[in-house]
Amino acid sequence: METLVIILIDGLVYASWLFLIAVGLTLIYGVLRILNLAHGSLYALGAYAAASLVIRYFDRGLWPPGSYFLMLGAAVAVGLLAGPFIERGLLRRIYNRDPVYQLLATYSLFLILEDFIKLVWGVNPYFAYKPAWLLGQVWLGGIPYPAYSVLLIGVALLAGGGLWFFIRRTRTGRLVVAMIYDPEISMALGVNVPRLSLLTFTLGAILAALGGAFTAPTLSVAPGISVEVIVLAFAVVVIGGLGSPEGSAIGALLVGLVRALMVHQRPELELFAIYLVMALVLLIRPQGLFAREEVRRV
Amino acid sequence: MAVVLETRGLTRTFGRVVAAEDVSVQIRSGERVGLVGPNGAGKTTFLNLITGYVRPDHGRILFSGKDITGLPPRVITRMGIVRSFQIPQIYSTLSVLENMLLALAAREGRGFDFWNPLRRSRAIEEAMELLASFGLTEYAYRPAAELPEGGRKLLDIALAFALRPIVLLMDEPTSGVSTKDKFVVMDTLMEVLQRTGVTTLFVEHDMDVVYRYAERVLVFQNGRVVADGDPQTLFADVTVRRAVIGWE
Amino acid sequence: MKSLRILPWILAGVLIGLGWLLPGWSRFLLTLALARGLVVLGVALLMQAGLVSFGQGLFFAAGAYAVGFAMKYGGVRDAFLATALGALAGLGIAALTGLLLARYRGIFFAMLTLAFSMILYGILLKAYTITGGTDGLRIAPPAFLGHVLPEEHAGIGQYLYTLACAGVFLYLVFRYLESPLGYAVRAVRDNEVRVEYLGLSVSRVLYLTYLLVGVMSGVGGALSALSIGHIVPELAYWTTSGEFVFVALLGGTGSVFAPFIGSALFEFIRTYAYKYAPYTWQMLLGFIMLAIVLFMPGGIWSLSTSIPRRVFGWRWFWKPEA
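Protein chains in written order, with the working numbering: chain G, 1 to 298; chain S, 1 to 248; chain E, 1 to 322.
It is worth saying that the hints were derived from the structure and are not from the lab. Where hints are given, some of them may not hold.
[Stated by the list, open to error] If you want a taste of the chain G side facing chain E, the calculated C-beta under 7 Å gives, among others:
hint: 1; residue: 35
hint: 2; residue: 62
hint: 3; residue: 66
hint: 4; residue: 100
hint: 5; residue: 112
hint: 6; residue: 118
hint: 7; residue: 231
hint: 8; residue: 269
Note that beta-carbon positions come from the ideal geometry of N, C-alpha and C, so glycine has one too.
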């Protein structure tokens, strides 16, 4: 019973993290039809910005809970700066190109950002553990659990909930959905595609940076953290179906739980949990769980 | 003549659109059949069904008595049912000659040969002859992307033709071809088809072309075959003309 | 055209001669460039089908580790046997992963190849009792027909052997691209529907190509393992694969020689870049790649219609010889 609770919580924590990094990727793909290989770099930028600011914040001895707002602010700032810069500066030039080019272009961007991060923050790791350490532990069903991990679930829920509200309840959000599922009709109806693309990309960037910022206290922020992220995020997105925000939530949950199960039952297979789920899903539904199959008209 | 192609109760829906409903026809060997009807009547779907691009929800397709329902296009193509397309399906970065050579290699079962060159003098000769009969000689060494619209259409048909079909399905063979050339193209084509005894089905919007080249006409409407007969009789029928063909 | 026939032979002669003329370090780099060039050739071949693989490191590492395992656990030191094992490893993995990959194109293909290579990376890292983990494995100098070359000849022996292997595959790919199957690969890029409607199986065309690419990259991995003498899990890392894509793009797909030229250029530039700009090297790669992608009108494939086409194989618009 206790193991089950732990597996469940572990799974949820991991799923929250996956969701934060995957949902932006899938949203961006859905509207812009570009798979952003530099998505992991946005995550890394968020992590670096948050970590370096949080360390300074605590060095000054300021009010500790303020650090959470600082992390949030760092993520939003990174998204607002990097998002429009990348969308306007690069992606806008390649919208009508072959998908493979777009992939290569964003791969180039990934390479550039990797070194940019090294130039700005150096190559030594940052340890911004204090926001996590501050919260101590909570007792869940008689088991001590790091409270900060539970906070992560909250952050993901808030982000997901906010996103859901935006998509279902606001006019712009509905346009985003329309753009994902019926691009031709949306364009024919005169949707301002450049504006919507800018908005979606920036939103995706903020989400990625948010994922990075709130994970920063739990790891050593060092070069290379962006690499793993893009691979995992893509796997989640594929499981859910490219372009589907709901799909990425389900995909993250599925992978999170399977991984947690493996960590506790078959630890040697933990690393492959995500790929296992992905392979199984693709064998049954080649286009992913929530995406429609496209048939070419002749 | 023997029945070469037969459909029994073919039905297929896409969402709420009924693209084919209980289509049962028999095509005899050597027939030249025109498929007519308004846009969205199910003519192209009919070709897609026969060639396996789309699977029917119900019904069966028989080729020379053999059930070919559910087989993929490549298998059906190899059996001898070959088609050309409304939007030309050609290899635009390959030269026109290379397009033809690949079709010939496929016909000869050399498609997966990875050692001997594609360009062999005997094959080139045949390809050039075919291109000449379609009036494409001057484009032979140019990339297919440089062909004018009419030329793309002809190359598409020539590719199908190169496979030496038993049944040839053509989707609007003369759309995109200039009015001046239309009859020249069809004359050449039909002459060869008749000589070689190829059974031909073609979708066509130009009723003059249908009238002149089809021995039999199938009229499609809302996924059903609503009339079937020789063009003289059919086109004399006022209801068919007005309601279906819109040809006064 | 006759005079062009002997060009490859002249080139081969020059390259063999270089083996004696070049100083040891440059010869070593050239050996590496040839070995890695085989992988790049594979990437370029897939590009002919319109596919970009971000996971060639999978075969590269598989070939290298096949040699490593054979040496550590089987006592294999023969270069020919080691190369054959590398080829076999590449073939086996391609045969397996190809079953799934033949269904995918574009982004999916790219990312799934990436995922596969990352799985291997994970295995190599985790199974450290067998693979040596991050320390990797040491590879002893190979033997040729039972003779381990003395120290002073080892470098040149490696070089000539790698050159020969590269030559064999280069010729194979050349034949392949002129064959119906090679044309079918480009036909798949242009129009899959018509390929099926010629009676050819698109997935079979891609699968066979993928097998060839797997073998070639496996051999490339085996050869570079033999010449470097040390292998690490990073060979399977996706940034290694990214480098192969970069070199393929740099060299262009206009000629079977381009991947090797690109590869040689890359090896030499990298050596200096590591020394003088260790933290901006990737950035430089990124900017160059971006420039290629953005400013090459008609893109990557346009390279194939430029000068190299006229000189060597892959002639797009062939005219009968007068």
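Evaluated hints:
Because the smallest distance between the Cβ of residue 35 (chain G) and any Cβ of chain E comes to about 5 Å, under 7 Å, the interface hint for this residue holds. The beta carbon of residue 62 (chain G) comes no nearer than 32 Å to any beta carbon in chain E, farther than 7 Å, and the hint placing it at the interface is violated. Restraint check, residue 66 (chain G) versus chain E: the minimum CB separation of about 33 Å is more than 7 Å; hint violated. Hint on residue 100 (chain G) holds. Least Cβ distance to chain E is approximately 5 Å, under the 7 Å limit.
Because the beta carbon of residue 112 (chain G) sits about 4 Å from the nearest beta carbon in chain E, less than 7 Å, this interface hint is met. Proximity of residue 118 (chain G) to chain E holds as hinted, the smallest CB-CB distance being about 5 Å (cut-off 7 Å). Residue-level restraint check for residue 231 (chain G) holds (minimum Cβ-Cβ distance to chain E is 5 Å; threshold 7 Å). A least Cβ separation of about 10 Å between residue 269 (chain G) and chain E goes past the 7 Å threshold, and the interface hint is therefore violated.
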